[in-house]
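Asks: Sequence:
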Amino acid sequence: MTSDTHTAHTATVKPTPASADEVVTGLDATVPYILGRDEGLHHHFLNHLATTKVVGDDAAMSAVEFTMLRGFGPPLHRHDVDDEIIVVLDGTIAVRSGNDKHIATSGAMAFLPHAVPHSFQVLSATARILTISSSAGEPSPSFDSMVAELGERADGPTMPEPSEIDPGHVAAVNSAHGIEVLGPPPSPLDEGVPVD
1 MTSDTHTAHT ATVKPTPASA DEVVTGLDAT VPYILGRDEG LHHHFLNHLA TTKVVGDDAA
61 MSAVEFTMLR GFGPPLHRHD VDDEIIVVLD GTIAVRSGND KHIATSGAMA FLPHAVPHSF
121 QVLSATARIL TISSSAGEPS PSFDSMVAEL GERADGPTMP EPSEIDPGHV AAVNSAHGIE
181 VLGPPPSPLD EGVPVD
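Position 139, counted from 1, in the sequence shown is what the numbering used here calls 139; the numbers after and before it change by one each time, with no gaps.
By construction, these hints were calculated from the structure, which means they are not laboratory data. Among the hints, erroneous ones may be present.
[Claimed, not checked] The calculated label-pair distances, taken between Cβ atoms and stated as ranges, are:
| hint | residue 1 | residue 2 | range |
| --- | --- | --- | --- |
| 1 | D80 | D100 | 16 to 24 Å |
| 2 | P184 | L69 | 30 to 38 Å |
| 3 | E152 | E180 | 20 to 28 Å |
| 4 | L189 | S163 | 14 to 22 Å |
| 5 | S175 | F111 | 17 to 25 Å |
[Claimed, not checked] Heads up, simulated SDA-like pairs for lysine to any residue below, C-alpha to C-alpha not over 25 Å straight-line:
| hint | residue 1 | residue 2 |
| --- | --- | --- |
| 6 | K53 | P188 |
| 7 | K53 | S124 |
| 8 | K101 | G183 |
| 9 | K101 | R128 |
| 10 | K101 | R153 |
| 11 | K101 | D80 |
| 12 | K53 | R70 |
| 13 | K53 | E39 |
| 14 | K101 | A171 |
| 15 | K53 | S134 |
| 16 | K53 | F72 |
| 17 | K53 | R153 |
| 18 | K53 | L89 |
| 19 | K53 | G36 |
| 20 | K101 | E149 |
| 21 | K101 | S140 |
| 22 | K101 | L46 |
| 23 | K101 | S187 |
| 24 | K101 | V170 |
| 25 | K101 | L189 |
| 26 | K53 | H118 |
| 27 | K101 | F111 |
| 28 | K101 | A115 |
| 29 | K101 | P188 |
| 30 | K53 | D100 |
| 31 | K53 | A154 |
| 32 | K53 | G183 |
| 33 | K53 | N99 |
| 34 | K53 | A171 |
| 35 | K101 | L76 |
| 36 | K53 | G107 |
| 37 | K101 | F72 |
| 38 | K101 | P117 |
Even glycine gets a Cβ: it sits at the ideal position worked out from N, Cα and C.
Go ahead and model the full structure; you've got the sequences and the hints to work with.
Replies: Quick look at the structure:
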């Protein structure tokens with residue numbers, strides 16, 4: 001009697017490409033793998049840390065973990081073909097989808113279908129979320145590609161130094177990846193909003 005044993009491999013993340021033309025992801029979605037909390041492809045992205053866990057070019061989905069500071073929120077936007085799931089790993093965020101607004105705490109999950117405008121904002125001192133995007137159409141998910149294009153590759157899981165963000169550039173890059181920016185980011189939080 002024989003049995004099949006399937007082994008999940010720990011992914012080895014390759015170093016930053018030597019040139020812009022050399023595409024190196026280091027994550028092979030054709031074989032199972034397991035990544036730890038601080039493992040993946042790190043980018044300093046819009047003044048916070050983005051860690052790609054699954055690359056959409058190789059799979060029917062992409063997964064990116066974000067570590068963000070209080071007050072951060074992306075502009076109101078919608079995805080042309082990608083459905084999105086946000087899982088709150090740590091912290092508290094306010095999620096806006098269509099006309100609905102909900103508070104999501106650690107362990108909560110939000111499903112955000114394509115073509116529905118949405119945004120969120122970090123209410124706690126910090127928050128960690130996992131976004132999972134899956135294409136509702138033929139193109140592979142491009143959310144992680146947008147993160148890589150707007151972000152700057154980082155050697156490890158560190159927060160970046162704050163810098164100016166060019167909203168026009170953000171909108172143009174998002175548009176190239178099937179994401180339409182519909183409005184500005186959320187307003188800065190009032191000092192009276194409690195931190196959990």
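Asks: Does each hint hold? Answer for all of them.
Replies: Outcome of the hint check:
no. : hint                     : in the structure
1   : D80 to D100: 16 to 24 Å  : holds (21 Å)
2   : P184 to L69: 30 to 38 Å  : violated (18 Å)
3   : E152 to E180: 20 to 28 Å : holds (24 Å)
4   : L189 to S163: 14 to 22 Å : holds (20 Å)
5   : S175 to F111: 17 to 25 Å : holds (24 Å)
6   : K53 to P188              : violated (29 Å)
7   : K53 to S124              : holds (24 Å)
8   : K101 to G183             : holds (16 Å)
9   : K101 to R128             : holds (19 Å)
10  : K101 to R153             : violated (33 Å)
11  : K101 to D80              : holds (21 Å)
12  : K53 to R70               : holds (23 Å)
13  : K53 to E39               : holds (8 Å)
14  : K101 to A171             : holds (23 Å)
15  : K53 to S134              : holds (14 Å)
16  : K53 to F72               : holds (21 Å)
17  : K53 to R153              : holds (14 Å)
18  : K53 to L89               : holds (14 Å)
19  : K53 to G36               : holds (10 Å)
20  : K101 to E149             : violated (29 Å)
21  : K101 to S140             : violated (29 Å)
22  : K101 to L46              : holds (23 Å)
23  : K101 to S187             : holds (15 Å)
24  : K101 to V170             : holds (24 Å)
25  : K101 to L189             : holds (15 Å)
26  : K53 to H118              : holds (23 Å)
27  : K101 to F111             : holds (13 Å)
28  : K101 to A115             : holds (17 Å)
29  : K101 to P188             : holds (17 Å)
30  : K53 to D100              : violated (29 Å)
31  : K53 to A154              : holds (14 Å)
32  : K53 to G183              : violated (28 Å)
33  : K53 to N99               : violated (31 Å)
34  : K53 to A171              : holds (24 Å)
35  : K101 to L76              : holds (13 Å)
36  : K53 to G107              : holds (19 Å)
37  : K101 to F72              : holds (16 Å)
38  : K101 to P117             : holds (12 Å)
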